[in-house]
Each structure stands twice: as structure tokens, then as C-alpha cells.
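Trainee: Residues per chain are reported as follows:
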Amino acid sequence: MSGGSTVRRWSDMLALAVVLGLLAFAIFGPIANLFLWAFAEKWYFPNKFPQELGLSFWSRVFSPRGGALASLGTSIWIAVLTVVLSLVVAIPAGYALARLKLRWRGLILLAFLLPQAVPNLPVYVNIARVFYEIGLNGTVFGVVLVHASHGLVLAVWIASAAFAAVDASLEEAARNMGASPWTCFRTVTLPLAGPGLIASAIFVFLESVDEFTGTYFVGVPDVTTLPLLMFNASMGGNYQIASITALLLLVPSIAFMLVVERFLKANVLAGVGR
Amino acid sequence: MTVAATPARWRAYALVLPALLVIAAFFVFPLVLSAILAFRGKDGGFTFEHFVKAWDLYRTDLIFTVGIVALSTLLIGVFAIAIAGYLTLGERPRAVAILRWLYRWPLFIPFIVTGQVMRTFLAKNGMLNHALIGVGMIEPLQAQSLLDWRGIVISFVWKQVPFVTLLVAGAMAALETQHVEAARNLGARRLRVLWDIVLPQVRGTVLVGLVLSFVTMLSVLSVPMMINPNSPTMITVDIAYRISTLSDYNVANALCLMSLVVAAGAAWLYLRHAAAAQASGA
Chain A
5 MSGGSTVRRW SDMLALAVVL GLLAFAIFGP IANLFLWAFA EKWYFPNKFP
55 QELGLSFWSR VFSPRGGALA SLGTSIWIAV LTVVLSLVVA IPAGYALARL
105 KLRWRGLILL AFLLPQAVPN LPVYVNIARV FYEIGLNGTV FGVVLVHASH
155 GLVLAVWIAS AAFAAVDASL EEAARNMGAS PWTCFRTVTL PLAGPGLIAS
205 AIFVFLESVD EFTGTYFVGV PDVTTLPLLM FNASMGGNYQ IASITALLLL
255 VPSIAFMLVV ERFLKANVLA GVGR
Chain B
3 MTVAATPARW RAYALVLPAL LVIAAFFVFP LVLSAILAFR GKDGGFTFEH
53 FVKAWDLYRT DLIFTVGIVA LSTLLIGVFA IAIAGYLTLG ERPRAVAILR
103 WLYRWPLFIP FIVTGQVMRT FLAKNGMLNH ALIGVGMIEP LQAQSLLDWR
153 GIVISFVWKQ VPFVTLLVAG AMAALETQHV EAARNLGARR LRVLWDIVLP
203 QVRGTVLVGL VLSFVTMLSV LSVPMMINPN SPTMITVDIA YRISTLSDYN
253 VANALCLMSL VVAAGAAWLY LRHAAAAQAS GA
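Here the protein sequences line up with chains A and B, keeping their order. For the first sequence, this note's numbering gives the first residue as 5, with consecutive numbering after it. For the second sequence, this note's numbering gives the first residue as 3, with consecutive numbering after it.
Hint data in this document are derived by calculation from the structure and do not stem from the laboratory. All residues carry an ideal CB built from backbone N, CA and C; glycine is no exception. Where hints are given, some of them may not hold.
Said to hold, decoys possible - Going by beta-carbon spacing under 10 Å, a handful of chain B positions derived as facing chain A:
no.: 1; residue: A97
no.: 2; residue: I111
no.: 3; residue: A125
no.: 4; residue: W160
no.: 5; residue: S246
As the list claims (entries may be wrong) - Some residues of chain A that are not near chain B, with every Cβ distance over 10 Å (derived):
no.: 6; residue: S9
no.: 7; residue: W14
no.: 8; residue: E45
no.: 9; residue: W62
no.: 10; residue: K105
no.: 11; residue: N124
no.: 12; residue: V134
no.: 13; residue: G139
no.: 14; residue: T143
no.: 15; residue: V150
no.: 16; residue: S153
no.: 17; residue: L194
no.: 18; residue: L196
To be verified - Computed, partial: chain B to chain A, Cβ under 10 Å:
no.: 19; residue: V18
no.: 20; residue: I25
no.: 21; residue: A37
no.: 22; residue: L39
no.: 23; residue: L109
no.: 24; residue: F113
no.: 25; residue: L257
Let's have the full structure, built from the sequences with the hints guiding it.
Mentor: Written out as C-alpha cells, the structure reads:
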């Protein structure tokens, strides 16, 4: 019966290849379609591929009137400020949650879960109304506050896990040799938790760069980030410009997906939420 | 409590306080405001009229929203378990490696980019239709746009499956392998091993991933706006319309509270499971 089992093995392999092929199409097909639109000069139904390929829309997007460079600048500036603000409050909080005695630790951790576990639209809508009254709507600072209130949650969880993964006996050794708590934190704990903290910084940065809904309500009318530029182009029916902007947004997302495990070690990942 | 211990204890709270204040000011406070505005009448008194109006106007969209998000969650669960299951139990190392490389590409792609990507891919002239025509599954005249509820579901599933798979595959990898090996040695089929032995042990992780996905999808604005902005659509689009076009914060917040109730329902299902798991000692 070895002939029969060989046939079965081949048919198994074939089925597996077909399933993986379909999955590859489902994942890369949409992205490939985006690429085609980004380089299409002309593409009308029912042509399978663009009638003309070219870069004229790229020069339009990157011309001063296209606004892509200005939006990119705004997006990055907001993201950097968001990372700074988030980490400044998240690192002490993460350290306290990992190392110090807190009576309502569970409750505090739960409070930091809230922004991930509650629909965000009600928050954005109403914070925009408050910001409008106190003159923060349409300002970079207003957008940073909204992004940071969301980003710092991730930062606290990852920072807490990163600090918990640091070997406490190393800190004790430093303290026994006469280091002050601050020196010990600065020279022992912080460097050892470094990779996890960098990961949390990247997470916060990426979330801020990609954020749409909050910016849509709070940034209006003066703050145009890359996602807003993309949205406006897409709703205006300009698929080329929307696709080019979407490609710009894809670059950091995919780059981070490829390197995430280098920063987020398994022992830190396993400690998130503990 | 000794005198020396007191400042140290306060130090811990002082370190947590700034972060808590940011959450309180820019997250909890707006939520409270939402609840107040949803119930406040023109004269400043308590009223249900905004809910009545919201229900009259957007009943269909509310049902549509719950349906779309529930269906997406179900599909995400099926795909995530299937992929994570093969990653854990697959017998061909090369296929497992390919799958591991393949599945996570959309992981960090934002919803707004997913919306744009799917807007082109699922359109009548999109690559999906051309591929289906190319392999002879449909005639060119049968090509139809999927930019309706189906487009929203496909976008949600495409974007969220990698996230849930990552969580579930991680939990499966951490399991003791003895049970799995034992069942396999007894000749159990892989599907049985997945269903009877692996899945019950990672049920909590699956549920966390699905509840987080459910809540996230519930408040996504960009995808329904870009894929299917016309009625029936998701209530996020209606909320944005009430505010941007009509400046009607009362009805908008009544809709917001309705979506919070739906999210709370999902969270309650999870908590009930967690309590049951704890009670049974699992």
C-alpha cells in the first residue's frame, strides 16, 4: 500500500500549499493593490492593471501644496512629544507597580487597562468639546494629550513588565555596596529594563503616528496629521494620493512588525499584566 | 506601621499618581461627561428623550453594528484558533515556518490604512474580482463590489486576526506538551487534540483577545466611513455625523452610551468566564 500512502502524502502537501497560497493572497493581495494604485497614472474599469504607470502623483503629494511633508512633520512631532510625555509618567508608575508595595495594586492596574477596554469614540468626542471651550482644540498640545492618555497605558504595562523582569538581586547588590536608591535605579535597573522601555516607546510612537479618530475630533481644523491627510484624499475620491499616503504609513508599521521580537523578549511579554 | 515605612509607602503612590491623573483627566472625565450629556434635557433636567430619539433614528444602525462586530469577532476567533493551532500542532516544519512568517503582516497596520487598502481591493475593479475572474470562478459580468457590510467585516477580520493569533499562539506554546504528546501517541487526530486538549487550556487567552477586539472594532470610525458610509452603517458614523454636522452632543452621547453598554456586555461575558474558571480552580 506504499503507493497509496505516497498519493495521500502528495495530496496532503497539495492541499497545504493551496491553503497557504490562498492565505498569502488574502494578506498580500490588498497590499499589492495599494501599490498598484500608488503608481497608477490612469486606471479605469474594466482594466486589470493600470493603463499607465508613473510617478506624477508622487511629485504632487510631495510638492509643498500636496501637504504630505508638512503632515509627516506634524505626525512625527506629535508622536515624539507623546512618547516623551507618556514615558515620563509611565516609567515611575511602571516601576512602582513592579517593585514597590501598593495596597490597591490590582485596582490601579485595572485603571490602566481602562482605555484599552472601553470604546474610545465617546472619550474623543467629549474631550474635543472640553478642549474647544478652553482653546486646546486644533493645537498640537491638545492632540498630544489625547494620544498620551492612550499611549501611556501601553507604556505602563510594558514598563511594569520590563522592571519586573530585572533580577532583584542585582539591585540588592548595588544597594549593599552603598548605592543610593536613585543611583541604583539609574545605573542598574534602568539599563537592564532598557530594551523593554524602548519597545514601549516604539509602541507609543507607532500608536500616535497611526491614530485617526482622536485627531479627527481634537485636531480640527488646524492639525493635519498623515492619517487625516490620507482620509481626506480618500473621501475626496483621490485614490492615488490616498494610496501613496497609506504606503508612507505602512512603512513604520511593517518595519516594527518585523523587529518587534528583538525588543520585546519573551520573559517581558509573559509578564505583561502580572 | 512604623514611622520609617510611611514615607516609602507614600513614595510608591506618588510615583503612580501622575499617570493616574492623566487617565482621570483625559479619559474618565470625558466618559462621565458623556453620561451627563446623554441624560440632560434642554432645561438642564433629567430626560430620556435623547435615547428615544437615538433609538428612533438609528435603531437599524445599532443592530447592524452589533451584527457586524459579533460576526467579525466570531470569524476572528475561528481563524486565530486555526492558525495558532497549526503553528502549535503542525507536523511539517517548513509549512509552520511559512505560516509563522505570513500571518502577522497586518499586525500593526492601522485601521485607517486597512480601510484604504480594502477600499481598492474589494471594489468592483479591485484585485479580488480580477483574481476570481482570472481563475474562472466568476464571469466578468458577475463582478460585484464588496464595499458594504461584507467589506467592513473583511477589513476587521484582516486587521485583527494577527493580534488574536499572536496572543493565542503564545499561550499554546507555553502549554505542557505531555498531554498533547500522550493524546497523539494514543492516535488522536490533530483536530481532536486541538479541540479537546489544547483549546480548553487557552480559553481565557482566546476570550481576552476576542473581547479586546470586539471593543476596539465597536469604536472604529475610519473603516465604516471609508467602506460603507451610507445607511445602514455603524453607529460610529452616526455619532460623527451628529457632532460634525449638527453639533448635537446629546443624541451623539446617547449613542455613545449605547455602545458602552454593548461593550460592557462583552466585558461581562468575559468576567463571568474568568470567575467560573477561578471557581473551578483552572
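Trainee: Determine for every hint whether it applies to the structure shown.
Mentor: Against the structure, the hints:
Look at A97 of chain B: its Cβ gets to within about 5 Å of chain A, closer than 10 Å, so that hint holds up. For I111 of chain B, the shortest C-beta to C-beta distance to chain A is roughly 5 Å, which falls under 10 Å, so the interface hint holds. A least Cβ separation of about 9 Å between A125 of chain B and chain A falls short of the 10 Å threshold, and the interface hint therefore holds. Because the closest C-beta pair between W160 of chain B and chain A is about 7 Å apart, less than 10 Å, the hint holds.
The criterion of a C-beta within 10 Å of any C-beta in chain A is met by S246 of chain B, whose closest approach is roughly 8 Å, and the hint holds. No Cβ of chain B comes within 10 Å of the Cβ of S9 of chain A; the nearest lies about 15 Å off, and the non-interface call holds. Look at W14 of chain A: its CB is around 13 Å from the nearest CB on chain B, clear of 10 Å, so calling it non-interface holds up. Listed as a non-interface residue, E45 of chain A keeps its Cβ farther than 10 Å from every Cβ of chain B; the least gap is roughly 15 Å.
Look at W62 of chain A: its CB is around 16 Å from the nearest CB on chain B, clear of 10 Å, so calling it non-interface holds up. Some Cβ of chain B comes within 10 Å of the Cβ of K105 of chain A; the nearest lies about 6 Å off, and the non-interface call is violated. Its beta-carbon lying about 5 Å from the closest one in chain B, N124 of chain A breaks the requirement of being farther than 10 Å from that chain. Non-interface call for V134 of chain A relative to chain B: violated, since the shortest CB-CB distance, roughly 7 Å, does not exceed 10 Å.
Listed as outside the interface, G139 of chain A is consistent with that label: its C-beta sits roughly 16 Å from the nearest C-beta of chain B, beyond the 10 Å cut-off. At the 10 Å boundary, the C-beta of T143 of chain A stays outside the reach of chain B, the nearest C-beta of that chain being 14 Å off. Not every C-beta of chain B lies more than 10 Å from that of V150 of chain A, the closest at about 6 Å, which undercuts listing it as non-interface. Distance check on S153 of chain A: its Cβ comes as close as 4 Å (rounded) to a Cβ of chain B, failing to clear the 10 Å threshold; non-interface status is violated.
Listed as a non-interface residue, L194 of chain A keeps its Cβ farther than 10 Å from every Cβ of chain B; the least gap is roughly 14 Å. Even its closest Cβ contact with chain B, about 18 Å, leaves L196 of chain A beyond 10 Å, as expected for a residue assigned away from the interface. Checking V18 of chain B against chain A: minimum C-beta separation of about 5 Å stays under 10 Å; hint holds. Nearest Cβ of chain A to the Cβ of I25 of chain B: about 6 Å, under the 10 Å cut. The hint holds.
Of the supplied interface hints, the one on A37 of chain B holds, with its beta-carbon coming within about 9 Å of a beta-carbon of chain A, less than 10 Å. For L39 of chain B, the interface hint holds, since its Cβ comes within 10 Å of a Cβ in chain A; the closest pair sits about 7 Å apart. Interface restraint check for L109 of chain B: the shortest CB-CB distance to chain A comes to about 5 Å, inside 10 Å, so the restraint holds. Restraint check, F113 of chain B versus chain A: the minimum CB separation of about 7 Å is within 10 Å; hint holds.
Restraint check, L257 of chain B versus chain A: the minimum CB separation of about 9 Å is within 10 Å; hint holds.
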